[in-house]
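In case you want the letters, here they are:
2 protein chains.
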Amino acid sequence: MNEAPSSQFSAESYFATQPAPPTLEHDVAGVRAFVARQRELGRKVVLVTSGGTTVPLELNVVRYLDNFSAGTRGATSAEYFLQAGYAVVFMHRQFSLQPFSRHYSHSTNPFLDLLDVDPQSSDSQSPPNISVMPSKRAELLEVLQAYKSARALEQIHTLTFVTVNDYLWLLRAVSQELSVIGRQSLYYLAAAVSDFFLPRQKMSEHKIQSGKGSLIIEMDQVPKILKPMVDEWSREGFIVSFKLETDPALLIPKARGALERYGHQIVVGNDLHRRKYEVVFVSREHAGQDISEHWLRIGPGAINALGHPKEIEEDIIAELVKRHDAWIAAEPSAN
Amino acid sequence: MNEAPSSQFSAESYFATQPAPPTLEHDVAGVRAFVARQRELGRKVVLVTSGGTTVPLELNVVRYLDNFSAGTRGATSAEYFLQAGYAVVFMHRQFSLQPFSRHYSHSTNPFLDLLDVDPQSSDSQSPPNISVMPSKRAELLEVLQAYKSARALEQIHTLTFVTVNDYLWLLRAVSQELSVIGRQSLYYLAAAVSDFFLPRQKMSEHKIQSGKGSLIIEMDQVPKILKPMVDEWSREGFIVSFKLETDPALLIPKARGALERYGHQIVVGNDLHRRKYEVVFVSREHAGQDISEHWLRIGPGAINALGHPKEIEEDIIAELVKRHDAWIAAEPSAN
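Chains as they are written, first to last, in this note's numbering: chain A, 1 to 335; chain B, 1 to 335.
Some hints here could point you the wrong way.
List time: in silico BS3-like cross-link candidates among lysine-lysine, alpha-carbon distance up to 27 Å [as the list claims (entries may be wrong)]: (1) K254(B) / K202(B); (2) K202(A) / K254(B); (3) K276(A) / K322(A); (4) K322(B) / K227(B); (5) K44(B) / K148(B); (6) K227(A) / K202(A); (7) K136(B) / K148(A); (8) K202(B) / K202(A); (9) K310(A) / K322(A); (10) K136(B) / K276(B); (11) K136(B) / K136(A); (12) K148(A) / K227(A); (13) K227(A) / K254(A); (14) K202(B) / K254(A); (15) K254(A) / K276(A); (16) K136(A) / K254(B); (17) K276(B) / K254(B); (18) K202(A) / K148(A).
Keep in mind that the hints were calculated from the coordinates and are not lab data.
In this text, all values refer to a predicted model and were calculated from it rather than measured experimentally.
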C-alpha cells in the first residue's frame, strides 16, 4: 500500500466534475423548511454528521471502501444536544446508529426480547395486547419519552447518506441553508469521512471480476472541504471537526495542523482505543493565535446524575454549549 | 483499477499463514453443543451465512473494503428454514439484518414508533405500562410469536463475523462440526464474500495517512474455499452457493463455471437489480453430468397464503427443502 502523486481535486473542481445525488434537491427543501421553523422558535441548530462514508468501486456497486464507524459518537451526541434545547439536523450514514434507537441494537439488546404477549386478551376478537415486560419498563420509558418529546417538538430532522459523494454534496447544501441563522448554527462533524475517493470517470460499470490476479485500486484524495466551509459556505457558524488517530503520538500534531489549516473553531481529537474515555479539545485562545489543548476524561465506571453509566458525550456537549453561547455573545454586530 | 499476477493462496496456505480469530474456539464449542442437541432431536440443520465481509486495510482498523449486502437474503431465508422445521446456524456479519428483527429496521420501521405509554397507570409507584399500539399489533404478533417459538425450541444459533478472515476460519470450523450429521446438513452460503484480501503480513499498523498523493491498494485473491469444503470439510453436506452479478450476460456462465469447478450441489444465480423477483438454480441433473437451469420468479405484487407481500425466499426454501430431502433419501449407505 503506498501513495503516488495525483491530480489534486479542489472543492470547486470536485463539485464541477462529480454528479450530485438525485435526492439532493428534495433533501435541501426539507432542511430549508426545518431551519425556517427553528428560526421562528429562536432555537439554536446543530448539524450532527455521523457514521462512515463509502467509496464505491463500481457504478453498479458490489464493492466499496468504507470507514470504520457504527455512528455511536454522533447518535449519542445528538441526544445530549436535544436535551440542551438545540434543534438537530442529524445527517447520518444509512443504517448507522440513530439517537434513542441506538440503545436497542438488534445485536446486543434486541427489542423483541422486551415484549410479552398479554395472555388475558386472547379470547377477544382483536389481536392480543403486546406489552413491555415490567423489568424492562423503567429504562425504556426514559428513552421512549425523550424520543417522543423530540418528535412532538419537531426538534430533529434526519438526513441519510451512503457514499462520500452523497456526504460532500449534502454537507455543502446543508451548510448553506444553516448559514441563514448565522452564529446560532453549530456544526458537529463527527462522521468518519473517507480521505480518498474514486472519481466517477474512473469507475468500472460492472462488478470487477476476480480473474486470476490481485486487485489494484488507485484512488484520488477527497478535497479538504473544511476550508470552503469556513471561508464561503458558513462564515459565522461555530464549526467543530473531529480527528481520529490510532497512533497517540500523531493526535495532537494532526489536530493542531487541521485547526491551523482551516481556521475553524475546534478540533476534537480522539484515539481509536480511548475515544469513550478521553478526548482533547484543540482550539484558539479567545481571539488570539495561541492554540490550547483541553482534555475531557471520564473514568470507566463513571455514573451520571440519573444513576446511569456516564457517556463522555454528555461532557463534550456541555462544554460545547458553553463555548457556542460565548461565540454567539461575541457577535461583532451585537457590540 | 486493474489486475496483476500475484502469488495465489491455496486454502491450505491461507490457514497456515493468516491468524485465527480469537473467539474461534469459543464459537466452535457453541456450535458443537447446538449440533449435538439437534442430532438428538433428529432435526435437519442448515448453516445460513449472511451479509458482507470486510477487508481491513490497517491492523488498527480505520478503513476497510466491504461488499454490498444488508443481509436481507440470509435473514429472510433463515425465517423460512425455521418454519420448515430446520435448526438454523445463522452466521452473519455484525450489524447485518437478522431473522425477525429485520422487519423493524431502525431506519424504515423504527420500533419506538410502535409503542405507547399507558396513561392509566401513571399514578402507581411502578413505571407505567408500555404497550404496542393497537393498529400495529396484528403484524408484530406474527413476527413476535415466530421469534419466541424459535427461541423456545432452541432452533437457532447465531454467530457473528466481521472480516473475511473471521468468515473463512469460522466457515471451515462450522462445516467440520456440521459434518457429523452427514446428509442432514445443508449449507446456504448467502454471504457476500470478498474475492480479495490483504494478507496480515502486508497491512500497515496504523491509519494510513492521506498526505499529498493518491492511495494505491494491492490485494491478493481469497482462496476458493468451496473446493476443500466439498472435498474435505463436509463431504456429505448439501451445499448451495450464491452468485451475484450486475451484468445479466455473465450470470449463467459464471454460475455454471462455479458448479463445474467446485462440484457442489446448487449455484443460485441472481442479478443485483432483479434479485428480489427472480433467481436461477443451476445444478446437475440427478447423478448425470448435464447441468440444468431452473428459474424461480415472482411478480412484484405477489401475495402469499397469509395475505402478505410474497418474498421470493419462500419459494427458494420450499424448492431447496424438496431437493435436500431427495439428497437425504438417496444416501448411498441407505440403499
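Hint check results:
| no. | hint | in the structure |
| --- | --- | --- |
| 1 | K254(B) / K202(B) | violated, 30 Å |
| 2 | K202(A) / K254(B) | holds, 25 Å |
| 3 | K276(A) / K322(A) | holds, 21 Å |
| 4 | K322(B) / K227(B) | holds, 25 Å |
| 5 | K44(B) / K148(B) | holds, 20 Å |
| 6 | K227(A) / K202(A) | holds, 26 Å |
| 7 | K136(B) / K148(A) | holds, 17 Å |
| 8 | K202(B) / K202(A) | holds, 26 Å |
| 9 | K310(A) / K322(A) | holds, 20 Å |
| 10 | K136(B) / K276(B) | holds, 25 Å |
| 11 | K136(B) / K136(A) | holds, 20 Å |
| 12 | K148(A) / K227(A) | violated, 37 Å |
| 13 | K227(A) / K254(A) | holds, 16 Å |
| 14 | K202(B) / K254(A) | holds, 25 Å |
| 15 | K254(A) / K276(A) | holds, 20 Å |
| 16 | K136(A) / K254(B) | violated, 50 Å |
| 17 | K276(B) / K254(B) | holds, 20 Å |
| 18 | K202(A) / K148(A) | violated, 46 Å |
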